[in-house]
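Chemist: Each chain, written out:
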Amino acid sequence: MITLNINGKDVQLDAPDDMPILWALRDVVHLTGTKFGCGMAQCGACTVHLDGQAIRSCVTPVTAAVGKKITTIEHMQNDKVGQAVQAAWSAVDVVQCGYCQSGQIMAATALLTSNKKPTDDDIDAAMSGNICRCGTYPRIRAAIHEAANKLA
Amino acid sequence: MNSPLNISRRTFIKATALAVGGLVIAFSIPNAKRFLLPGISDANASEEASKLPTPNAFLRVGTDNTITVMLAHSEMGQSIWTTLPMLIAEELDADWSKIKVMHAPAAPEYIHTAYGIQITGGSSTTWSEFDRYRQAGALTRALLVNAAAKKLGVAAESIKTENGFAISGDKKISYGDLAEAAAKLETPKAVTLKEPKDWKIIGKATKRLDGPEKINGTAIFGQDVHFDGLMTAMVARSPVFGGSVKSFDASAAKKIKGVHQVVQVPTGVAVIADNYWAAKQGRDALKVEWNLGPNAGLDSKALVSEYRKMAATQGLPAAKAGDIKTAASKATKIIEAEYVLPYLAHSPMEPLNCSVRISQDSCEIWTGTQMQGTDQQAAAKILGLKPEQVKIHTLFLGGGFGRRANPAADFVSEAVQVAKAAGVPVKTVWSREDDVKGGYYRPMYLHQAKIAVDAKGLPVAWEHTAVGQSIMLGTPFEAFQIKDGVDATSVEGVADSPYIKGTPNHLVSLHTPKTGVPVLWWRSVGHSHSAFVMESLVDELAHAAGKDSLEYRRALLNDHPRHLATLNLAAEKASWGKPLPKGVFRGIAVHESFGSFVTQVAEVSVNKGEVKVHRMVCAIDCGLSVNPDSLKAQMESCISFGLGAAMQSEITFKDGMVEQSNFHDYKVMRMADMPKVEVYIVQNTEKMGGVGEPGLPPVAPAVTNAVFAATGKRIRTLPIGNQLA
Ligand code: FES
Ligand code: FES
Chain A
738 MITLNINGKD VQLDAPDDMP ILWALRDVVH LTGTKFGCGM AQCGACTVHL
788 DGQAIRSCVT PVTAAVGKKI TTIEHMQNDK VGQAVQAAWS AVDVVQCGYC
838 QSGQIMAATA LLTSNKKPTD DDIDAAMSGN ICRCGTYPRI RAAIHEAANK
888 LA
Chain B
12 MNSPLNISRR TFIKATALAV GGLVIAFSIP NAKRFLLPGI SDANASEEAS
62 KLPTPNAFLR VGTDNTITVM LAHSEMGQSI WTTLPMLIAE ELDADWSKIK
112 VMHAPAAPEY IHTAYGIQIT GGSSTTWSEF DRYRQAGALT RALLVNAAAK
162 KLGVAAESIK TENGFAISGD KKISYGDLAE AAAKLETPKA VTLKEPKDWK
212 IIGKATKRLD GPEKINGTAI FGQDVHFDGL MTAMVARSPV FGGSVKSFDA
262 SAAKKIKGVH QVVQVPTGVA VIADNYWAAK QGRDALKVEW NLGPNAGLDS
312 KALVSEYRKM AATQGLPAAK AGDIKTAASK ATKIIEAEYV LPYLAHSPME
362 PLNCSVRISQ DSCEIWTGTQ MQGTDQQAAA KILGLKPEQV KIHTLFLGGG
412 FGRRANPAAD FVSEAVQVAK AAGVPVKTVW SREDDVKGGY YRPMYLHQAK
462 IAVDAKGLPV AWEHTAVGQS IMLGTPFEAF QIKDGVDATS VEGVADSPYI
512 KGTPNHLVSL HTPKTGVPVL WWRSVGHSHS AFVMESLVDE LAHAAGKDSL
562 EYRRALLNDH PRHLATLNLA AEKASWGKPL PKGVFRGIAV HESFGSFVTQ
612 VAEVSVNKGE VKVHRMVCAI DCGLSVNPDS LKAQMESCIS FGLGAAMQSE
662 ITFKDGMVEQ SNFHDYKVMR MADMPKVEVY IVQNTEKMGG VGEPGLPPVA
712 PAVTNAVFAA TGKRIRTLPI GNQLA
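Each protein sequence line maps, in turn, to chains A and B.
Residue numbering for the first sequence follows the numbering used here, beginning at 738 and increasing consecutively.
Residue numbering for the second sequence follows the numbering used here, beginning at 12 and increasing consecutively.
Zero decoy hints are in this set.
Some chain B residues judged to face chain A by a derived CB distance under 8 Å, without partners named:
{"hint": "1", "residue": "M87"}
{"hint": "2", "residue": "R219"}
{"hint": "3", "residue": "G222"}
{"hint": "4", "residue": "A230"}
{"hint": "5", "residue": "S358"}
{"hint": "6", "residue": "G410"}
{"hint": "7", "residue": "D640"}
{"hint": "8", "residue": "S651"}
{"hint": "9", "residue": "F674"}
{"hint": "10", "residue": "M680"}
In silico DMTMM-like pairs for lysine to aspartate or glutamate, Cα to Cα no more than 20 Å straight-line:
{"hint": "11", "chain 1": "B", "residue 1": "K461", "chain 2": "B", "residue 2": "E551"}
{"hint": "12", "chain 1": "B", "residue 1": "K467", "chain 2": "B", "residue 2": "E562"}
{"hint": "13", "chain 1": "B", "residue 1": "K584", "chain 2": "B", "residue 2": "D559"}
{"hint": "14", "chain 1": "B", "residue 1": "K344", "chain 2": "B", "residue 2": "D465"}
{"hint": "15", "chain 1": "B", "residue 1": "K265", "chain 2": "A", "residue 2": "D755"}
{"hint": "16", "chain 1": "B", "residue 1": "K678", "chain 2": "A", "residue 2": "D861"}
{"hint": "17", "chain 1": "B", "residue 1": "K218", "chain 2": "A", "residue 2": "E883"}
{"hint": "18", "chain 1": "B", "residue 1": "K218", "chain 2": "B", "residue 2": "D106"}
{"hint": "19", "chain 1": "A", "residue 1": "K817", "chain 2": "A", "residue 2": "D788"}
{"hint": "20", "chain 1": "B", "residue 1": "K268", "chain 2": "A", "residue 2": "D755"}
{"hint": "21", "chain 1": "B", "residue 1": "K724", "chain 2": "B", "residue 2": "D559"}
{"hint": "22", "chain 1": "B", "residue 1": "K623", "chain 2": "A", "residue 2": "D861"}
{"hint": "23", "chain 1": "B", "residue 1": "K336", "chain 2": "B", "residue 2": "D465"}
{"hint": "24", "chain 1": "B", "residue 1": "K291", "chain 2": "A", "residue 2": "D754"}
{"hint": "25", "chain 1": "B", "residue 1": "K265", "chain 2": "A", "residue 2": "D754"}
{"hint": "26", "chain 1": "B", "residue 1": "K665", "chain 2": "B", "residue 2": "D310"}
{"hint": "27", "chain 1": "B", "residue 1": "K266", "chain 2": "A", "residue 2": "D751"}
{"hint": "28", "chain 1": "B", "residue 1": "K336", "chain 2": "B", "residue 2": "E347"}
{"hint": "29", "chain 1": "A", "residue 1": "K853", "chain 2": "A", "residue 2": "E883"}
{"hint": "30", "chain 1": "B", "residue 1": "K687", "chain 2": "A", "residue 2": "D858"}
{"hint": "31", "chain 1": "B", "residue 1": "K558", "chain 2": "B", "residue 2": "E583"}
{"hint": "32", "chain 1": "B", "residue 1": "K623", "chain 2": "A", "residue 2": "D858"}
{"hint": "33", "chain 1": "B", "residue 1": "K268", "chain 2": "B", "residue 2": "D239"}
{"hint": "34", "chain 1": "B", "residue 1": "K687", "chain 2": "A", "residue 2": "D861"}
{"hint": "35", "chain 1": "B", "residue 1": "K266", "chain 2": "A", "residue 2": "D755"}
{"hint": "36", "chain 1": "B", "residue 1": "K665", "chain 2": "B", "residue 2": "D445"}
{"hint": "37", "chain 1": "B", "residue 1": "K623", "chain 2": "A", "residue 2": "D857"}
{"hint": "38", "chain 1": "B", "residue 1": "K431", "chain 2": "B", "residue 2": "D239"}
{"hint": "39", "chain 1": "B", "residue 1": "K687", "chain 2": "A", "residue 2": "E883"}
{"hint": "40", "chain 1": "B", "residue 1": "K268", "chain 2": "A", "residue 2": "D751"}
No wet-lab data here; the hints were simulated from the structure.
In this text the structure is predicted, and so the values were computed from the model without any measurement.
Glycine included, every Cβ here is placed at the ideal spot set by N, Cα and C.
My request is simple: use the sequences and hints to build the entire structure.
Modeler: What follows is the structure, encoded as structure tokens:
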């Protein structure tokens, strides 16, 4: 048994030490908003926040999260920046298939939390680890700028 | 459009009371030709199906005023979750905020109106459903109006409908309050559809209905399916296509905590476990000896040489006119070129997965699929059931791009085999590596062209030979797509090219090698290679003639107004011919596919051999655009998908094995690579075409034509990769 703090709650779960946070979330706790895309830190679909930092949950073992706070897409509506990002995503109508979007929103929220007015270059740097096969990139960029404006 | 449609002649309609209250409208098409897999009988034909109960419906009006629209097609990003309901809501005068959407089950009612099988593909959903969904809306409205007339004791003609209400003078009754009474009425024999001038919803940019759940993480994809007792499986498959299991040792795999069973299935060895992590570790620990089979020597370089050798001889004719030899002998100049395009994986963001629960006399399947029709038949065949005993729950697809529409039903069949062998409900999941290495690729193609031009630089003889695998061979579409040995999709965009048709002497021929690589339609199918070849060749001709790329195309496309309209619109918006920032160059390409016409203009710079695309200007003519914003989104999507393939993606073989494995070596577009995109729509009332694919074909040639403008180097092999380094 291992105790993880997920979205503000301590949760006891039966997961081996080497199990990536992604699979603990998806297959043990059944929080499926966080997605699997590559399993090797290449696509960003599995992005969650660990103490506010965007991490790739597919390559981070559960033991690395002990004593820290895991935040997932399911909690973004309770986060001020997360709310603004989700509202901007809706205003710009970003999503297509939607599969990458939890990870995109988690990455964008982490970016805007640390950088209130990201430039296009900042967005390139922060978001290039998140693949969208549907090519929603122009709308993601527009939505990040829109969220930054709303938060200003 | 304004004449009453006699629905009863074209379609079988029934309106019935919902067991839970409300009104159901169901359609079926008794005369539609169905495609059936060998061994599947048509016992479950439409007559039978018309007796099916409530789920087989297009539309439900609930007593709580909700309007539930059933989608005969799958939502995979293209936004039909919104577009098809728009068609119903328009005719129904529905309250848009009360619309709910569901994927339909696999059933004969939902077979494609043109393709004869339940499928989402060919950029066809909106045009193929434009009448059927509007009719469903209009018919429901008529029933509700009749119910209101009866209730109020007034003539039906005096009743207006608006925003979910039937209105007569100062009296208003909600659709929900009329639903049960409407269900008891006789179905009207005919309905009149609205005139386009009266449309309030069709043609208006409309927000996606699936937006909220895809933003807050609650949307359920196949991968997210979970119920008690559902196990996770991963399958070890042959590293070479066509290989088989010689022997395996599961002892180490079975020692992994959470692994329950290791079973052999036709495609390999499956490890069945509590969760993905255990299944993956179990599979890593598995030792399998393979019979590699006949493809163990497959090698991409050798394959190109082999295809080149084939291209040296004439293939089966696909288009022919005049006499190329005589014309060529009189020509001023002959231009010869060879183009090569690689195998490509679709790599949708959601890796393939399929959950299966089998019981005595039924099977339930949960997956994201584009082709419920063949999936259902394939599962029935494996289990010895009737198709109607196989229930398919379609979840949101985390991308499809053609990969999830497989006539061979590969990932569904395998998952059924795994669940059957395991004897428990199982979700079979693919890793990204499984996806990249798993086949069903866009086939590799080699094209050679020999074009004779006259003194004005215009083509007078065009000899064109294409070499590549057939996608349609062995599928239910074979009879309809392969004529005299020529798969129409292998040469689409070439054999019917306006450039070739406009050249008085031409010969297009095709070689169809039986290379042992599973192939499949990849977003835009044959156009994904043919447009690159044709639009590059035309650029070569323009350059050889000393003409501007746009002017030269205008001259050749003089009799093709829809091509011309997009060409002119994109050129104007991109300021064609006007100066650009230093180091930036333009390229242009136009192509017709899936009934739509698209021009792309690329602005590109090349620095130390690295290509940077700064801006793409796109103009599309797809006839009527039902939702202009989702049309724009599809163009953005096509540009991203097309640029990835143009710049970096390729699947290659060495010693029979795929050399790529994940996104680090099967490279796709990322945020920093994405140019600015502008999309312009040619407004007209022409026949409707598709939008999910037609934006893609002209992307690569627009970029490589710009690269030529920048460097003088003609890119004839994709991807561009490091060819300029
Ligand atoms: S699944 Fe973790 S980065 Fe791709
Ligand atoms: S929306 Fe489909 S992968 Fe991003």
